[in-house]
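*Asks:* Chain by chain, the residues:
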Amino acid sequence: METFLGIDYPTWWFLVVGGLFSGYAILDGFDFGAGAWHLFFKKEQSRRIALNAIGPVWDGNEVWLVIGGGALFAGFPVLYATLLSAMYTPFMLFLVFIIFRAIAIEFRSKEEGKLWRKTWDICYSVSSIMLAFLLGVVLGNVLQGIAIDEKYQYQGTGFFEFLNPYALMTGCTTLALFMVHGAIYLLLKTEGRLYAKLTLLLKRAIIGFMVIFGITSLYTLLYIPHLSDDFKSSPGLFIVPVLTFLSIANVPRLASKKNYGYAFFFSSLTIGFLLVLVAIELYPTLLISTLNPQYNIDVYKAASSTKSMGIMLIFVAIGAPLVLGYTIFVYKTFKGKVKLDEHSY
Amino acid sequence: MDTEILARIQFAFTVSFHYIYPPLSIGLGLLLVVFESLYLKTKNEEYHQLAKFWTKIFALTFGIGVVTGIVMEFEFGTNWAVYSRYVGDVFGSALAAEGIFAFALESGFLGVLLFGWNRVKPWVHLVSTIGVFLGSMFSAIWIVVANSWQQTPAGYHIVGKGMHARAEITDFWAMVFNPSSVDRLLHVWLGAFLAGSFLVLSVHAYYLVKGKHVAISKRAFKIALIVAMVFSLGQLFTGHHSAEGVAKNQPAKLAALEGHFDAKAPADMYLLGWVNKEKQEVTGLKIPGGLSWLLHYDTKAPVVGLNAFPEKDRPSQVNAIFQFYHLMVAIGMTLIGLTVWGSFLLWRGQLYNKKWMLWAFVFAVFLPQVANQVGWFAAEMGRQPWVVYGLLRTSDAFSQAVSDNQILFSLILFLMVYALLFFLFIYLLTKKIKHGP
Chain P
1 METFLGIDYP
11 TWWFLVVGGL
21 FSGYAILDGF
31 DFGAGAWHLF
41 FKKEQSRRIA
51 LNAIGPVWDG
61 NEVWLVIGGG
71 ALFAGFPVLY
81 ATLLSAMYTP
91 FMLFLVFIIF
101 RAIAIEFRSK
111 EEGKLWRKTW
121 DICYSVSSIM
131 LAFLLGVVLG
141 NVLQGIAIDE
151 KYQYQGTGFF
161 EFLNPYALMT
171 GCTTLALFMV
181 HGAIYLLLKT
191 EGRLYAKLTL
201 LLKRAIIGFM
211 VIFGITSLYT
221 LLYIPHLSDD
231 FKSSPGLFIV
241 PVLTFLSIAN
251 VPRLASKKNY
261 GYAFFFSSLT
271 IGFLLVLVAI
281 ELYPTLLIST
291 LNPQYNIDVY
301 KAASSTKSMG
311 IMLIFVAIGA
321 PLVLGYTIFV
331 YKTFKGKVKL
341 DEHSY
Chain R
1 MDTEILARIQ
11 FAFTVSFHYI
21 YPPLSIGLGL
31 LLVVFESLYL
41 KTKNEEYHQL
51 AKFWTKIFAL
61 TFGIGVVTGI
71 VMEFEFGTNW
81 AVYSRYVGDV
91 FGSALAAEGI
101 FAFALESGFL
111 GVLLFGWNRV
121 KPWVHLVSTI
131 GVFLGSMFSA
141 IWIVVANSWQ
151 QTPAGYHIVG
161 KGMHARAEIT
171 DFWAMVFNPS
181 SVDRLLHVWL
191 GAFLAGSFLV
201 LSVHAYYLVK
211 GKHVAISKRA
221 FKIALIVAMV
231 FSLGQLFTGH
241 HSAEGVAKNQ
251 PAKLAALEGH
261 FDAKAPADMY
271 LLGWVNKEKQ
281 EVTGLKIPGG
291 LSWLLHYDTK
301 APVVGLNAFP
311 EKDRPSQVNA
321 IFQFYHLMVA
331 IGMTLIGLTV
341 WGSFLLWRGQ
351 LYNKKWMLWA
361 FVFAVFLPQV
371 ANQVGWFAAE
381 MGRQPWVVYG
391 LLRTSDAFSQ
401 AVSDNQILFS
411 LILFLMVYAL
421 LFFLFIYLLT
431 KKIKHGP
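Read top to bottom, the protein sequences are chains P and R.
The first sequence maps to residues 1 to 345 in UniProt numbering.
The second sequence maps to residues 1 to 437 in UniProt numbering.
Hints in this document: simulated from the structure, not taken from any laboratory.
Please note that the accuracy of each hint is not assured.
Stated by the list, open to error - The list that follows gives simulated cross-link-like pairs (lysine-lysine, DSS-like), each with its CA atoms no further than 30 Å apart:
1. R:52 to P:43
2. R:264 to R:286
3. R:264 to P:335
The model shown is predicted, which means the values in this text are computed figures rather than measured ones.
Turn these sequences into a full structure, and let the hints guide you.
*Replies:* This is the structure:
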């Protein structure tokens, strides 16, 4: 098998997809989180500031979903097909909520009416919550494994099988994590009373996240033992959960010092570390079959041809700096506290 | 209903709805670049006003285009799992390229385009507008390449057997420049420019009729009219070239476009007509030997007919394909007539006095939209029964793991959401137009 720097192409692509999904979770994570808080702000002015905090960037954040989806499709078509058709209902709901959220953001400011704005506020916030939750639900199902047969076909039954206890837990964990992350982002962009309110909300969110995360971790260790196999076989890997824990602990420490710039960095890092944990737990498997371990889809079974992977690694090498370039440009242009003007939402 | 039909209805519906918006974004993007460049060059505040006004409408079309586009990307996996496994190696790379090279560019700069007016220097703003416009043009490249590969596959080989058979890429550039890519891309780009310029024409014609925002509307109308005339004439060439390509690469589709059954006879060209599939004949207004002449410059030259293909390998909805194709062509001709005549009147200085002509432009906004839609219908239905021409049948391509109820549920969901979306789009568009620049 073709390698680059001693690592085979499917593994490289696994890292690329992992990187893209981490980028997506960090970026859309904070704007989903900001949206989840939206109804907590009572004043029209506060809601507008919160909305304009994500205004210039949320659409760019969703690019990572499109690229991540494309990368998964192109690099691991077998996984893409199996996972998306198996998780049909949650993905369809995800799509519907992502539409609702986008139009809520876009349409809210177009009318003055109270009812109009209230309706879109609810749409925006509920969609943001559901999107964060559904991402976690899909992740939970992936971690737990799904019923796939030797033809990579989903054999599950029932419309709502994706809503199992573990998936509900991971869904809540993701939501709580994004709410912490989103609150910190909003703190960076606001001042005055909204800022004071968010300080309080962040404290509660951190506690909420710690509790849910603790329960989910415990459940994982007790009931889904296959996820800790890799750590048992190579104890050196324990450095990752330790780092994750340190990173999580750093968030309330920095938040209490009102050092939200660094706190945002560490909440981003936490999301990154948690996904590294997921990656370690899964690799080289991508999708676990609950029917028979032989039907597991690993990176090699799922991967595209070496030729295709080689081409796409070149794409990434050329494209990544470009994407990074415009991302930095946009965030630099809009850095600092939100100032409303006639072009704002 | 069975899963295959439902999956096809869902895809057709979601993609048709999606395709209202990207052409508008591409076309309006071009005009935004023109308005803003003119502002920078002349410092005339009216161009600035135009750029700002159309940016707001652009934002509306762009936003809906993006979210309905995400749906398309995911539907390949959710509804067409067998297809995705089969073509991921080839088709997926084009889709990934779209994300990295095009979508990131347009969405990255979109924030600056919408919110950056007071934050960045005017030339930086123009660069951002150009970035968004180029991004949308690049998007079209990769999406049309991916679709064209389905029409005329190239640069691949098939590995594995049965369930595990799949296409693998052998030559990336052969895949990108497959036999139909370039013709179809140009046709799609021009169709998008027409959709955008006719929206601008429609709105400003309306203002002119009503005597509102007159000075600014004259400027905008003139620019959009020139754009529309150049590209509607250009469409004649890209369309003709595409048809030649279809004749060469997808003869069954070409035969369906013209309702030509006889396997080895010369073919007529119909201006309008009705196809009777059972009797294998078309009744209507025709130019005898017209198609033969168009393809071979000889009215007697034989053209491959549908009967040259086994029943199971040729499109079944011949009359529908015929009608969609002919509607597209008829609209294309109408657009040429309208823009050339309009330009003539403008040159004579009479256009703005002729209210009926302005009214014609107000309503002409629907024409490019309809042509874009039915053009795609003809292209996609003409490819049937194949999802990848000659390689994979549509009936083999859908997700086996998904039940008909699940698809029906999501289809109803999309019908409701998109109906709401469309209603709101029209409502807000009308409101913005009433408010004016």
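*Asks:* Hint by hint, say whether it matches the structure.
*Replies:* How the hints compare with the structure:
As the CA atoms of residue 52 of chain R and residue 43 of chain P are separated by approximately 29 Å, the hinted pair is consistent with the 30 Å bound. Only pairs whose Cα atoms come within 30 Å are accepted, and residue 264 of chain R paired with residue 286 of chain R is accepted, the gap being roughly 19 Å. The suggested pairing of residue 264 of chain R with residue 335 of chain P is violated, with an alpha-carbon distance near 68 Å, which exceeds 30 Å.
Checked against the numbered hints listed earlier, the structure breaks hint 3 alone; every other hint is satisfied.
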